[in-house]
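> Using the sequences and the hints, build the whole thing.
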Amino acid sequence: MKMFNDSHLEVKKFFKGTFFTHPYEAGWADEAIFFVMVEKIEGDPVFEGRVQLSQDGIHWADDGSEPVIFKGLGQHIIKVNSNFGNYIRLAVSIEGGEMFLNLHIACKG
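In the working numbering, the protein residues as written are 1 to 109.
Calculated directly from the structure, the hints in this document are not laboratory data.
Heads up, a few of these hints could be off.
Stated by the list, open to error - No more than 27 Å apart at the CA atoms, straight line, and that leaves these computed lysine-lysine pairs for DSS-like: (1) K71 <-> K40; (2) K2 <-> K71; (3) K40 <-> K16; (4) K108 <-> K12.
Said to hold, decoys possible - Distance windows between CB atoms, simulated: (5) G96 <-> W28: 34 to 44 Å; (6) E48 <-> M1: 31 to 41 Å; (7) K40 <-> N86: 29 to 39 Å.
No residue lacks a Cβ here, since even glycine has one placed at the ideal position from N, Cα and C.
As structure tokens, then:
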């Protein structure tokens, strides 16, 4: 039987500019998906997210996939490529306004 875990990384606050989510230790998982719920916007913001990986939770590198870019309210997903190692986080840039986000990671393995 597989294990499943859904964890809050950033909860219900406005974001703009560049930030990184809290890292998540997911070495046990076979797959991981970030769920980004945009509940409110101010201005005309554009979200750009890049998956980053780390073996120790301190030193980070982009995973090599294309950034995920979106606008607007609602639920958006960012799939993590397989073979992601141990720690995962998102590097995010929000330009053109602010987004009120609720950001989760769901892992299964």
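> Does each hint hold? Answer for all of them.
Taking the hints in turn, this is what the structure says about them:
1. K71 <-> K40: holds, 11 Å
2. K2 <-> K71: violated, 34 Å
3. K40 <-> K16: holds, 12 Å
4. K108 <-> K12: Holds - the C-alpha atoms of K12 and K108 are around 24 Å apart, at most 27 Å.
5. G96 <-> W28: 34 to 44 Å: holds, 38 Å
6. E48 <-> M1: 31 to 41 Å: Holds, since E48 and M1 (Cβ atoms, about 37 Å apart) stay within the stated range.
7. K40 <-> N86: 29 to 39 Å: holds, 34 Å
Figure legend: structure checked against the earlier numbered hints; the only hint not met is number 2.
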